[in-house]
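Starting from the given sequences, assemble the full structure and let the hints guide the process.
Protein chains: 2
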Amino acid sequence: MPTITFRTPFLAAFALVLSLISTSLMAEKTYTIRLAETWGPGSPILGETPRSMAAMAEKMSNGRLKFRIDSSNKHKAPFGIFDLVRQGQYDMGHTASYYYKGSIPNAMYFTTVPFGMLAPEQYAWFYYGGGMELMEEVYKPYGLLSFPGGNTGNQMGGWFREEITSLDDLKGLKMRTPGFAGEVMAELGVAVTNIPPGELYTALERGTIDALEWVGPALDLPMGFHQIADYYYAGWQEPGAEVQFLINQKTWDSLPEDLQEILRVAMRTAAYDMYIQTMHESGEAWDRMKEDYPNVTHKTFPPEVIEALRNATDKLLAEEAEKDPLAKEIITSQREYLKQIRQWTNISDKAYLNSISTD
Amino acid sequence: MPTITFRTPFLAAFALVLSLISTSLMAEKTYTIRLAETWGPGSPILGETPRSMAAMAEKMSNGRLKFRIDSSNKHKAPFGIFDLVRQGQYDMGHTASYYYKGSIPNAMYFTTVPFGMLAPEQYAWFYYGGGMELMEEVYKPYGLLSFPGGNTGNQMGGWFREEITSLDDLKGLKMRTPGFAGEVMAELGVAVTNIPPGELYTALERGTIDALEWVGPALDLPMGFHQIADYYYAGWQEPGAEVQFLINQKTWDSLPEDLQEILRVAMRTAAYDMYIQTMHESGEAWDRMKEDYPNVTHKTFPPEVIEALRNATDKLLAEEAEKDPLAKEIITSQREYLKQIRQWTNISDKAYLNSISTD
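If you're matching them up, the sequences are chains V and U in order.
Residue numbering for the first sequence follows our numbering, beginning at 256 and increasing consecutively.
Residue numbering for the second sequence follows our numbering, beginning at 256 and increasing consecutively.
There may be inaccurate statements among the hints.
For identical chains, the list gives no copy identity; a pair is met inside one copy or between any two copies.
As the list claims (entries may be wrong) - With a straight-line cut-off of 30 Å between C-alpha atoms, the simulated DSS-like cross-links for lysine-lysine are: (1) Lys-594 / Lys-545; (2) Lys-356 / Lys-329; (3) Lys-329 / Lys-594; (4) Lys-284 / Lys-314; (5) Lys-314 / Lys-505; (6) Lys-545 / Lys-583; (7) Lys-554 / Lys-594.
Because the hints were derived from the structure by calculation, they are not lab data.
Put into structure tokens, the structure is as follows:
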């Protein structure tokens, strides 16, 4: 600051007062962030996460950051959050990167990959293994920043009305399973269909479909699938699905540094918390399912099915890597990171869990 | 605020200016938090966590929160942080709850328990399963607040120079393993000793001890034990050791609400981050150990050893529960929570990891 000499003490005092007022006004400027979420109103866990982030940020900023959160019934574009934030209709979004495979094929890898990393392994890749930098590279051309937005934990392989004992049992099986996992399933001869969530229960009950994949106990319980299907299979397709916060770069740049940090830390904590909350609620929900419907049985796909699913996954990922150098870089980064960190998971958590397998 | 009528516009303007100045000055008041850590200067991971917390809090508060962090070389009381913060010599501490078993027996349960929860399961217990409330009950009588302060992940069972093939191999084995795990080992006939960290390598090399337990690959690698012991055993004793932030209640109460929230969220994020950082560095360190010392072999204790360790753990915990109703309440809460959430871990992560066991 340049030195200014005042001719009278009165003027000096007046200048000081003006400067304090201006600092005070600047410090009190509020920013209202409009956030669009993929989820419908009152959506459990997924919808709680942006609200928990907003509550933390508002409180930490003493009200200088405010949020207006719109659910999908308001903006009518549950799978168009990417465009809404890119075009500036909203400042932020809470959605999942793999929904935008159509617009940006490389967005897919930042949610989850079949036979990929568990949630903690994937957070390690994001924060310490180069994942954040690759995600930035993918989103930067669209004027967007993307941050981890909460993990669903290991998703279940789905509800099946009949047991799967061989690869043959999958041929012609009518199953609801969307996205990349659906493409993998189709490689094995599954008749993959997509059905709106509200019609899933009836479709499974009436035999329109033989099986479906949703999320895990916490979000499956309210859908009621355990009342009409006995076999609940362990997952392979989404071992740690991370949703995302999207932010328009211009909004981010308009914030002072302290509010940027408040937003960054609030998003980071809300994301971790969602992983832990889902784990908690999955434990409770699975307990309730087994108690109310003792017929429900947990199954793991036979080794030949797992092997075929892995081969089909590898084949499709190799095709994606061929198309684009950045896709290849991301896939390679994830594979190499997984190979290293899984060795650690195997000698620690897996060895521990297996050594007390009587539980 | 009461309505005040001013006789002249000048006085009204003057009052407004005064009010703005006072708001401004209040908003700019800085608080310097003195934090004592158990760890020595430059301690990897453990020492990085309070500094990362401080950096986030300083930036989020725009400098209104400042930290002065003292390592153990300064305050000379690595295992006396509880007293330093209780007596107000420091405002905060970064330490581990189980170090204070001597002063508060019930502090032990908030770090980790043999055959207990994995880190994410334990975070679920803390934040959604009643753990925070029980920890508050234990620390409140001392004028302290305790918060999760970072997880080491699953700790390894230790380095052994000879393979353990039966319970007999443990009888008379000289092993460094401190705390509750040491008491359990002693029940099995192990000659438990404690040796200062700086002398551990030489003690193991010269045969003063036959085995030792430290942490996991990330913190074991710099100690060099893999150069002189071939068998690295999977853990059972600390499946998810959570260190802690301690805060003097008076310091906490002196902070305005926004700074309390900034501190709370910074601690929460730094704690989660430490878990993820340890996971990352353990993956790298284990990779390096195997490459440089191919003789190093990962082992799991034989089932009869695991069973004996569990029985001894159950016996000692039952004795603790007998002594004190609050101990009983905490042990019961953890047991019941673990039973429920482990079912979910088993059908999700464990089933997934075992289904792709070829890795």
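Hint check:
no.: 1; hint: Lys-594 / Lys-545; verdict: between (35 Å within a copy, 14 Å between copies)
no.: 2; hint: Lys-356 / Lys-329; verdict: within (24 Å within a copy, 54 Å between copies)
no.: 3; hint: Lys-329 / Lys-594; verdict: neither (43 Å within a copy, 42 Å between copies)
no.: 4; hint: Lys-284 / Lys-314; verdict: both (15 Å within a copy, 18 Å between copies)
no.: 5; hint: Lys-314 / Lys-505; verdict: both (23 Å within a copy, 21 Å between copies)
no.: 6; hint: Lys-545 / Lys-583; verdict: between (43 Å within a copy, 28 Å between copies)
no.: 7; hint: Lys-554 / Lys-594; verdict: both (26 Å within a copy, 20 Å between copies)
Checked against the numbered hints above, the structure violates only hint 3.
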